[in-house]
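Just so you know, the protein sequences line up as chains R and W, in that order. Here the first sequence is numbered in the numbering used here, starting from 4 and rising by one per residue. Here the second sequence is numbered in the numbering used here, starting from 253 and rising by one per residue.
Worth flagging that the hints you see were computed from the coordinates, not collected in a lab. Quantities reported herein were computed from a predicted structural model and do not represent experimental measurements. Beta carbons: idealized from backbone N, C-alpha and C, even for Gly. Hints may be right or wrong, so weigh each one.
[Unchecked claim] Distance condition first, Cα-Cα at most 30 Å in a straight line; then the derived DSBU-like pairs of lysine-lysine:
(1) R/K186 with W/K382
(2) R/K13 with R/K224
(3) W/K343 with R/K224
[As the list claims (entries may be wrong)] One side only, chain W facing chain R, incomplete, derived with CB under 8 Å:
(4) I321
(5) L324
(6) L328
(7) F329
(8) E336
(9) S339
(10) L428
(11) L438
(12) G451
(13) I452
(14) A458
(15) T459
(16) F462
(17) L463
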Amino acid sequence: MLADILNHIKMFLVGPFPHGPLGGLAINIFLAVITMVSGFILGLFLALGRISQNTVIRRIVMCLIENTRALPLLLIVFWFHFVIPLFAGRPLPNLLSAYFSLTFYSAVNQAEIFRGGLMNMNKGQWEVAFSTGLSRCQCIIYVILPQVLRMMLPSFVGFFISLFKDTSVIYIIGIIDLTQMGKMLSQREPDKIIFSYVMVAILYFIFCFILSLASKRWERKQLKWANGSISSTV
Amino acid sequence: MYYEFEWQKILSGQYLQWLLQGFQISISLMLLSSLIAVVLGILLTFGQLSRYRVIRFISFIYIELCRNIPTLIWMLFFYYVLPEFFSEPVKTMLNTNPALNYWAAIAGLSVSSSGYISEILRGGISGVSKEQIFAAYTLGHSRWEVWKYIIWPQAIRISFPPLVSRLIHNMKNSSLALALSVHEILWAIQQIESITFRGIEVTIIATLFFLTINYVASLLALLAEKSFYPMKNKEKKVKCVG
Numbered sequence: 004m005l006a007d008i009l010n011h012i013k014m015f016l017v018g019p020f021p022h023g024p025l026g027g028l029a030i031n032i033f034l035a036v037i038t039m040v041s042g043f044i045l046g047l048f049l050a051l052g053r054i055s056q057n058t059v060i061r062r063i064v065m066c067l068i069e070n071t072r073a074l075p076l077l078l079i080v081f082w083f084h085f086v087i088p089l090f091a092g093r094p095l096p097n098l099l100s101a102y103f104s105l106t107f108y109s110a111v112n113q114a115e116i117f118r119g120g121l122m123n124m125n126k127g128q129w130e131v132a133f134s135t136g137l138s139r140c141q142c143i144i145y146v147i148l149p150q151v152l153r154m155m156l157p158s159f160v161g162f163f164i165s166l167f168k169d170t171s172v173i174y175i176i177g178i179i180d181l182t183q184m185g186k187m188l189s190q191r192e193p194d195k196i197i198f199s200y201v202m203v204a205i206l207y208f209i210f211c212f213i214l215s216l217a218s219k220r221w222e223r224k225q226l227k228w229a230n231g232s233i234s235s236t237v
Numbered sequence: 253m254y255y256e257f258e259w260q261k262i263l264s265g266q267y268l269q270w271l272l273q274g275f276q277i278s279i280s281l282m283l284l285s286s287l288i289a290v291v292l293g294i295l296l297t298f299g300q301l302s303r304y305r306v307i308r309f310i311s312f313i314y315i316e317l318c319r320n321i322p323t324l325i326w327m328l329f330f331y332y333v334l335p336e337f338f339s340e341p342v343k344t345m346l347n348t349n350p351a352l353n354y355w356a357a358i359a360g361l362s363v364s365s366s367g368y369i370s371e372i373l374r375g376g377i378s379g380v381s382k383e384q385i386f387a388a389y390t391l392g393h394s395r396w397e398v399w400k401y402i403i404w405p406q407a408i409r410i411s412f413p414p415l416v417s418r419l420i421h422n423m424k425n426s427s428l429a430l431a432l433s434v435h436e437i438l439w440a441i442q443q444i445e446s447i448t449f450r451g452i453e454v455t456i457i458a459t460l461f462f463l464t465i466n467y468v469a470s471l472l473a474l475l476a477e478k479s480f481y482p483m484k485n486k487e488k489k490v491k492c493v494g
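One chain only, chain W, in its complex shape (with noise of 0.2 Å):
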């Protein structure tokens, strides 16, 4: 097997155009559609610990949908069905604007995630002891203050590894967005491709970039986590210094 890269080809003019512009959609998708998953997340927590029995029950109907249905079909979902639901006038806009299938990827990656996200926070709170929340209102805290002291800081220790592990599955798939041909990476690669034959050398630059990105994110993950512990950084200093 003999086979000759050919990387000047690939990075100049139009082919490295297209492939800023993947970096370019593939990073804004995957910071949208993750921030968006975690607000969504969050709220529907909140309907999981609600105390209205109408909001838990549509929260886990709502959560159970997110988790069975692959993240591809909520996109084609949101891409072609959604528009059939609106009258004429919308319709018609809604399928001819370009942006269509950007958001709709965006709009299926959250939808998606969210459920994930949702499913772990509440596990982080549900970790918490009862004990120590029964202390804190016994000690005359308000609602706000508990969550704010006692079970904020706990259940985002519980819950941070799983969600920056789910946070980074979620940028993984936001490369499903080439179904819709949303111009992110892997339609860059794709299209790169199909024109010059030169797969190889594509494919491995898009591996890079994603791998740069697990790495980063892991990384900004790692420093995260140190600042929740805000005790045993001090523990540490104080032993430094005696």
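For reference, chain R alone in the conformation it holds in the complex (with noise of 0.2 Å):
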């Protein structure tokens, strides 16, 4: 069972990097963490487009991301699949278009959190920045967006771990990631069905569970910081 184990973790963490292209645990991570940035920063422009001052622009934001957050990953990944193709006259690489769907769908979510952060933010926030001569820009991003960054840093860590765990749905375009690694380890060997299976899920546990738990010490240490804070003004 450990010779195994030790025989196929570098399969399972890495696929058949030095001799092939990147796989296994590692391209879920990186994928994760590359479109959780990207999906970051698109996803702050469409909140802010959310929330901004032309109906014509808050509309049609807002229908985008109501609509597309109606969607599953798996049919976002086909649109990109299909669609792309169209402009760019060849299919896109697999990894392209798996980066490109998996962005899409951080910044719709991302843009829901990043609203729900501007939502909860105080009034007094807004009025006191601009009764200090802030214009609206400088408002959100010196006095605003730090508070609810710091606010909704849960929710984004949450965001994380369902991201990463979504990253498993690329093996149906045909990257070779952890769930396609254990698929083809029990292919060939098929009395390593269960160890294979057991491995892949074990291997998602483990790092889902350390991000959730530091996701809770995070959330409890704010909410120390926010009692202090308010015992302090009191």
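From the two separate chains plus the hints, produce the assembled complex.
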């Protein structure tokens, strides 16, 4: 059992990496991190569009966000798979279409988290910032966003966990990720079916569980911080 | 870029049949898995609130497993691994059963949702203040009456919105059954695309399907939520009459 784990752990972690493309858990983590970052930036702009004073922009962004959130990730992947080749003239590499669709998905969801934070922000913060002569843009950058980020950090971590779990979907479009690795091993050595799937599940579990523990810890710390600031002002 | 839509080709014969079958199987996946997930979630919530430490511990482990392993892995697990645990005759019976993938998809969906649902319900129940429960006991209500009249109406109001969004998420996740080649809607559009190369038309159809499901579910949730506030509605009526 231990020998099995030692023999195959490298395959689960990085796939056929030195002799082939990066795969296994590494590709899941890589995709989750880069789509989280690019989705964060795009999502910020979407959220700002959503609270924009221009009604047209607000309506369009709202329509985009609401309708995209109603679609499963797999369907978004299909959209990018079918539509982009029309513009580009040739099919995209699998990894790139996975990147685009996951970015779009994470942007829309993170825009919703941002909006939650912006909505919950105390009205007084806006008023004070305006009354000190800051413009709307400055007010968002210097006053509102830092607080929103701090307040919504647990939500972002929670979303990162769910995004990481959702990256398992990409094996359907043929990327050799952790799930695909488990499937390949079980097909090559049919007596190891239980081993390979349990291994995949354990690796996912460890990663997500550590993240969720960190998120919970941060939440508690933040609660303490909030309570402390209240008691100090009173 | 110039693209000519060919709806006629998609919406006829074999393809139309695949699409209709896809709608049907998707909807049945969504409804059945949501139902089972809610039932499992309620049982788990009682498990979490149990007096016995062993039951609490088991529910905790189960919930963490549900929440930290992707739905897709659960489905693959039920499809490929579960038959391995049985002895030979049962194993072959399961592996040759054509509906195994359908039931594995339902099992995977409901297991991975039940953990979230249980957490949501527990949150709702712990949101009911302890004083009210003590007061009710002091007034001589039985355990059942306290559940029925004090805890349940308040807990459901707190946990209903996140519950609905979780169930809608579960419905979206039903598309993952494609990985087990259950003949649901995304399987249908993938098949049709690979034969006819009319990818955009079929994707539009699937998109409209999911949007409709989402809006219908949201509408039903809105109607249901109104029924939790009978007092509020009455007040409004009185105001109108006055």
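ask   = Which of the listed hints are not met by the structure?
value = Hints 1, 2, 3, 9 contradicted; others consistent.
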